[in-house]
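Novice: With chain A held as given, fit chain B onto it using these hints.
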Amino acid sequence: MPIPAPDPQQLVLQAEDWVEYRTGFPTLVRQFLFRKVPPTGWWHTLGSSLLTVFIMQAVTGSLLAMSYDPSPNGAYESIRYITDQQTLGWLIRGMHKWGASMMVILLFLHMGRVFFYGAYKYPRELTWLTGSLIFLSTMAMGLTGYLLVWDERAYWASVVAVNINGTAPVLGPFISKFLLAGPVFGAQTISRFYALHMLLIPGLIGALIFIHLWLVVKLGVTPWPGRPVPGDEVTGD
Amino acid sequence: MAVTTPRKVINRRVRYETELVAQKKEGHPFFPYAMFHDTVVNLIIVLMIVAMTIIWHATAGPIDAHHPDGQNGWLGALYEGKANPAVQVTEPRPEWYFLFLFELLRIFKSPWELIFATIIIPTIFMVLLIVWPFIDRGRDRRISRRPVGMAFGLSVPAVLIALTIAGGIAPGAVSGSSITGDPKFDALPAAALISSHGCTSCHNFGAGGGTVGPNLSQGAPNPDPAAIKAQIENGGGGMPPFKDAFTADEIQQLVDFIVGLGTGTPPSG
Chain A
1 MPIPAPDPQQ LVLQAEDWVE YRTGFPTLVR QFLFRKVPPT GWWHTLGSSL
51 LTVFIMQAVT GSLLAMSYDP SPNGAYESIR YITDQQTLGW LIRGMHKWGA
101 SMMVILLFLH MGRVFFYGAY KYPRELTWLT GSLIFLSTMA MGLTGYLLVW
151 DERAYWASVV AVNINGTAPV LGPFISKFLL AGPVFGAQTI SRFYALHMLL
201 IPGLIGALIF IHLWLVVKLG VTPWPGRPVP GDEVTGD
Chain B
1 MAVTTPRKVI NRRVRYETEL VAQKKEGHPF FPYAMFHDTV VNLIIVLMIV
51 AMTIIWHATA GPIDAHHPDG QNGWLGALYE GKANPAVQVT EPRPEWYFLF
101 LFELLRIFKS PWELIFATII IPTIFMVLLI VWPFIDRGRD RRISRRPVGM
151 AFGLSVPAVL IALTIAGGIA PGAVSGSSIT GDPKFDALPA AALISSHGCT
201 SCHNFGAGGG TVGPNLSQGA PNPDPAAIKA QIENGGGGMP PFKDAFTADE
251 IQQLVDFIVG LGTGTPPSG
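Quick note, the sequences are listed as chains A and B, same order.
The opening residue of the first sequence carries number 1 in my numbering; numbering runs sequentially from there.
The opening residue of the second sequence carries number 1 in my numbering; numbering runs sequentially from there.
Bound-form chain A, shown alone:
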């Protein structure tokens, strides 16, 4: 007696059950994808664009890290190698460089959209708070990444930035000392900036993005405030 051919649809469903029972991910993904959102438009796309650019920065950054040499003698030469000789190295480095600028622009636009929608108001205060921490961390990424090229402009701009930091009362000298990792800009400084730029701050941003998105999904998307709120007739004002 021939064995009946397995039904492909049945197989997929069984596989999904298998994963579902052990992880719960299929339900999670379904809840994320098919959650209901209010009428949204183009202005609601900036957050997802930021996520995309962040992922792009992580990918291009990882590729750059494979050829980059974080030392005063090798940094500049490795940047030149990546830009001039490596296959498509200029594209990887350029996308990382311009992706950073794009990320800052998108951050401002996204923040502006949230501000004008009043989307930071009750109960979404912590979504705004995590977002503003992402903003500040991204600026820190710009500061630490600028030095890594180790050309004249990057070097002196970073020297001035760290010196300015050192003028802050109480904490300033400590932060400057921490960033410099020594009396002057040198080998220790570049490895410290490198570690901050490729491990510590991106890890922090990744964690903040997770919390931020969790809150966005949990609390729901804020509709345009010009539309009547269905609760208005219940609560007055």
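Hints listed in this document are in silico derivations from the structure and should not be mistaken for laboratory results.
Cβ atoms here follow ideal geometry from the backbone N, Cα and C, with glycine treated the same way.
Watch out, some of these pointers could steer you wrong.
[Claimed, not checked] Quick look at which bits of chain A chain B covers, simulated, 3 or more residues with Cβ under 8 Å:
#, segment
1, 45–58
2, 84–94
3, 124–134
4, 145–155
5, 165–176
[Claimed, not checked] Restricting the straight-line Cα-Cα distance to at most 20 Å, the calculated cross-link-like pairs of lysine to aspartate or glutamate (DMTMM-like) are:
#, chain 1, residue 1, chain 2, residue 2
6, A, Lys218, B, Glu17
7, B, Lys229, B, Glu250
8, A, Lys36, B, Glu26
9, B, Lys82, A, Glu77
10, B, Lys82, A, Asp69
Specialist: What follows is chain B alone, placed relative to chain A:
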């Protein structure tokens, strides 16, 4: 209902939850409704980044005999000369998104004001940003009902954009050989040192230059030669230390030069 619970709290909670229930009932599914917009915009953004990269790379050449500074592209150089800690020949200009802070240094540049540019204003800005939802606690999200919020929301970006533009077009280092406009001063060896170390990218010695540091065309703000010497050697207030960039003799020449600018008579010898 407990007496201690303010009516306002219940109201905004009821209001939010009613809104959320209605959204769950009548809203559109995120996929494909919102995801369609997301995909289109994400694609455009990534293409814009690639386009900028291509323009940057195609218009800028590497450093060569004809382009010693590498400043030869629509979107700037691929890289400039290698950093040389001993000699500063370029302007310490930050990325464009830090230009607003850079411009604050120009506005508040006397020593007692500097703390406004470096600490006070940035700290106020950061704290306001983070705690804003806890300051603006009004329930109504409609723009017409939030005059104070809108005043902030429009004026802060306007100020940031104005500062960024001002920082971007601010004068930089003097390109000519004259740094003071006075031949007697320009002929001194100190003038050549000032020119080669990029001092004019932050200081004006009489023939123009940057405005980040104090104007030295009439001498230093503190005319005490020992203070000038200490400032050159150790830096401070944003200025890098130049102890290793000059010999002791050269530093003395620079001090005499700046003192001379204050008195109007070039130092002899």
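Novice: Could you run down the list of hints and mark each one as holding or not?
Specialist: Results for each hint:
no.: 1; hint: 45–58; in the structure: holds (count 7)
no.: 2; hint: 84–94; in the structure: holds (count 4)
no.: 3; hint: 124–134; in the structure: holds (count 6)
no.: 4; hint: 145–155; in the structure: holds (count 8)
no.: 5; hint: 165–176; in the structure: holds (count 5)
no.: 6; hint: A:Lys218 with B:Glu17; in the structure: 12 Å, holds
no.: 7; hint: B:Lys229 with B:Glu250; in the structure: 11 Å, holds
no.: 8; hint: A:Lys36 with B:Glu26; in the structure: 8 Å, holds
no.: 9; hint: B:Lys82 with A:Glu77; in the structure: 8 Å, holds
no.: 10; hint: B:Lys82 with A:Asp69; in the structure: 14 Å, holds
Comparing the model with each earlier hint shows no violations; every hint is respected.
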